[in-house]
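If you read the sequences in order, they're chains A and B. Per my numbering, the very first residue in the first sequence carries number 1; after that it's consecutive. Per my numbering, the very first residue in the second sequence carries number 1; after that it's consecutive.
Keep in mind that the hints are not guaranteed to be accurate.
[Said to hold, decoys possible] A short, non-exhaustive set of chain A residues, derived as facing chain B with CB atoms under 8 angstroms: (1) Pro49; (2) Tyr55; (3) Val64; (4) Phe68; (5) Tyr97; (6) Thr100; (7) Gly105.
Think of the hints as simulated: they come from the structure by calculation, not from any bench. Just so it is clear, the structure is predicted and the values come from calculations on it, not from any experiment. Cβ atoms here follow ideal geometry from the backbone N, Cα and C, with glycine treated the same way.
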Amino acid sequence: DIVMTQSPDSLAVSLGERATINCKSSQSVLYSSDNKNYLVWYQQKPGQPPKMLIYWASTRESGVPDRFSGSGSGTDFTLTISSLQAEDVAVYYCQQYYSTPHTFGQGTKLEIK
Amino acid sequence: QVQLVQSGSEVKKPGASVKVSCKASGYTFTSYAIHWVRQAPGQRLEWMGWINAGNGYTKYSQKFQGRVTIIRDTSASTAYMELSSLRSEDTAVYYCARAPTTAGAFDNWGQGTLVTVSS
């Protein structure tokens with residue numbers, strides 16, 4: 001199984017500041033035949049299901065604010081929120097869909113400082 | 001708009017089975033896959049398995065192999081996940097989620113179904 005490890009486990013950032021969350025996979029999730037990284041970022045608020053933000057590691061889902069961006073390739077990935085807003089308080093998860101089981105990171109709890 | 005609506009909360013005794021439904025609307029049900037993911041208290045999201053809603057192909061996580069069954073009813077645009085031999089560690093919120101039938105991220109999720117296993 002591919003193990004997904006996020007860092008940090010929790011993060012407190014001031015409003016308007018940048019937030020950066022990292023995700024590392026135990027093996028590459030870059031598929032050579034299509035040169036795509038099979039990595040997605042979700043946002044989960046209390047009492048709600050996860051919401052897809054970024055897929056293929058860097059493609060923003062329609063309707064997601066452009067302050068959210070994803071980067072990285074192979075085994076190392078980053079979710080960046082360029083200017084934190086109050087509504088961004090949530091837990092963020094990365095997930096690989098390169099192979100089954102489609103494993104998730106442990107989550108990063110993002111709070112306002 | 002795409003919607004996945006799950007059945008309501010369940011309370012089960014250890015050893016029993018539970019069947020959770022996931023009714024899809026707003027898209028062609030048979031053109032996508034349905035995945036099942038659970039979230040136990042304080043634990044990370046855990047993938048359980050998936051079904052190709054078009055041809056019925058299924059694949060399960062080894063962790064749940066033999067205990068989980070995923071089926072679909074195309075006439076009702078509904079997928080079902082049944083988990084048997086329940087134990088207290090199966091207490092969790094269970095989600096269904098839509099994805100492409102080829103590999104893809106989960107772009108729409110159900111609201112979740114709380115399953116509580118308690119004697």
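Subject >> Numbers of the earlier hints that this structure fails to satisfy, in rising order >> reply: 3 and 4
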